[in-house]
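Trainee: Quick note, the sequences are listed as chains A and B, same order. Each residue of the first sequence is one higher than the one before, starting from 1 at the first, in this note's numbering. Each residue of the second sequence is one higher than the one before, starting from 1001 at the first, in this note's numbering.
Hints are not guaranteed to be accurate.
Said to hold, decoys possible - Below 27 Å or equal to it, Euclidean Cα-Cα: the simulated DSS-like pairs (lysine-lysine) are:
| id | chain 1 | residue 1 | chain 2 | residue 2 |
| --- | --- | --- | --- | --- |
| 1 | A | K10 | B | K1155 |
| 2 | A | K105 | A | K117 |
| 3 | B | K1154 | A | K70 |
| 4 | B | K1049 | B | K1101 |
| 5 | A | K105 | B | K1155 |
| 6 | B | K1155 | A | K117 |
| 7 | B | K1155 | A | K70 |
| 8 | A | K105 | A | K10 |
| 9 | A | K105 | A | K70 |
| 10 | B | K1062 | B | K1049 |
| 11 | A | K70 | A | K117 |
| 12 | A | K10 | A | K70 |
| 13 | B | K1154 | A | K117 |
| 14 | B | K1101 | B | K1062 |
| 15 | B | K1154 | A | K10 |
| 16 | A | K105 | B | K1154 |
If you are wondering where the hints come from, they were derived from the structure by calculation, not from laboratory data. Just so it is clear, the structure is predicted and the values come from calculations on it, not from any experiment.
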Amino acid sequence: MWQSIYEELKSDNFEIISLAQDAGGEAAAGPIFDAAQVSYTAIIDVNHHISALYNLVNVPSGVWIDEQGKIQRINEGTYAAVHSLGATSFGTDEYVPIVRDWVAKGAESRYVWDLEKVRQSIIQRTPEAERAQPAFRIGTYYFTNGNDAKAEIYWTMAQELDPTDWNYLRQDLQYEEGGSAGPQWRERRNQIESTGGSYYAPLEIEPAPPN
Amino acid sequence: MQRLPGLGLLLGLVTLTGQATAQNATVLYNDRVVTIEQTLPDASDLWVKPADLTRINDFVLKPEGACLDDLCVPVLQDRDSDMYVTRRGQGWFNVTGLADKLQQAHVTDYDDSIWSFGAMPLERRSFLRGGEAPDFALPDRDGNLVRLSDFRGKKVLLLTWASW
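Excised from the complex, chain A in its bound form (with noise of 0.2 Å):
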């Protein structure tokens, strides 16, 4: 999906950079990449790297960068579109349009933020959550080795370090009974949300999209 808003964009001085969130590697999603044909620039980060460096905790994840490197949006749930899966649907056909907007405007767009609000809109993290990402990383160099039961034990310290983090629980979940998105990951989610809390950052197009 993204392939397409790539083609149509990619001459006016715009590159998507996609990071597939992945510690089983090329075999887990190359295979992704290969049928969605992209000919953006794609990388496997087997130890969330990017993640851990932009302050992240879910995927998929979006970040505005401009000419100059400053961020311009940042830590939002970000679909191509609105996907169907069976009886429920998730994304949204508002984004796109909105980074169409940016990428023919620049700073002049409506919907680029001042550094405030990029500020605001990075996650802050304690001293201990910011050993999650070592821990992870031992974990994934351990899994990378074959020796599941180590890997287990740092990726489990890491959730423990950084609740917050979606990233470290599914990517753990991916490799056990139920799957990333199986009862357990159901259970953290409704237990979120029934607090008022959201799973992704809530997504902000204000004013509403041009057509």
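Starting from the known structure of chain A, arrange chain B on it as the hints suggest.
Mentor: Quick look at chain B alone, frame taken from chain A:
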């Protein structure tokens, strides 16, 4: 998935012997995996030769201290300290001690001597306060190193996703 033989197990066989330079270590730093042949055995900290310090995190030990670009952390080298010691003429640098001074998160598996480091808060200021996009260097699917800074002059939409 293809499974590699248990490297962790192999490392686990190397135990503390009390000899000055017996233990090896594996250091995970950003996306680097650095194998250190010789460390100074210690119950809690990672001590390496100055040349290995640079292999781990690009810091260089100079007379004024451990330096990375404009940043220098003072380190006494004419006598032993909590950052630097000399044993049988060989200098040893405390990597975890440096991380603690820089408030850099780290986690260790002591059984297998695997040391994993997070980002340096100093490097994070321009992101957290200034909204600068942190640079990175990661291989694409063809193995070419991709840096965000390669795309200066373009707008970049960074998208994370996962197969799970």
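Trainee: Check whether the Cα positions of K1049(B) and K1101(B) lie no farther apart than 27 Å.
Mentor: 19 Å, holds
Trainee: Taken at face value, is the distance from the CA of K70(A) to the CA of K1154(B) at most 27 Å?
Mentor: Holds, at roughly 11 Å.
Trainee: Does K1155(B) lie within 27 Å of K10(A) when you go C-alpha to C-alpha?
Mentor: 10 Å, holds
Trainee: Does the alpha-carbon distance linking K1154(B) and K117(A) stay inside the 27 Å limit?
Mentor: 22 Å, holds
Trainee: Is the hinted pair K105(A) and K10(A) satisfied, with a Cα-Cα distance of at most 27 Å?
Mentor: 14 Å, holds
Trainee: Does the structure keep K105(A) and K117(A) at a Cα separation of 27 Å or less?
Mentor: Within the cut-off at roughly 19 Å; holds.
Trainee: Does K1049(B) sit within 27 Å of K1062(B), going by the straight-line distance between their CA atoms?
Mentor: Distance ~13 Å between K1062(B) and K1049(B) Cα, so the pair holds.
Trainee: Taking 27 Å as the top limit, are the C-alpha atoms of K70(A) and K117(A) close enough?
Mentor: 13 Å, holds
Trainee: If you draw a straight line from the CA of K105(A) to the CA of K1155(B), is it 27 Å or shorter?
Mentor: Roughly 11 Å separates the two Cα atoms, so the pair holds.
Trainee: Take the C-alpha atoms of K105(A) and K1154(B), compute the straight-line distance between them, and say whether it is at most 27 Å.
Mentor: Distance of about 13 Å is within 27 Å: holds.
Trainee: Check whether the Cα positions of K10(A) and K70(A) lie no farther apart than 27 Å.
Mentor: 19 Å, holds
Trainee: Compare the distance between the alpha carbons of K105(A) and K70(A) with 27 Å, and conclude whether the hinted pair is satisfied.
Mentor: Judged against 27 Å, a Cα distance of about 16 Å means the pair holds.
Of the numbered hints stated above, none is contradicted by the structure.
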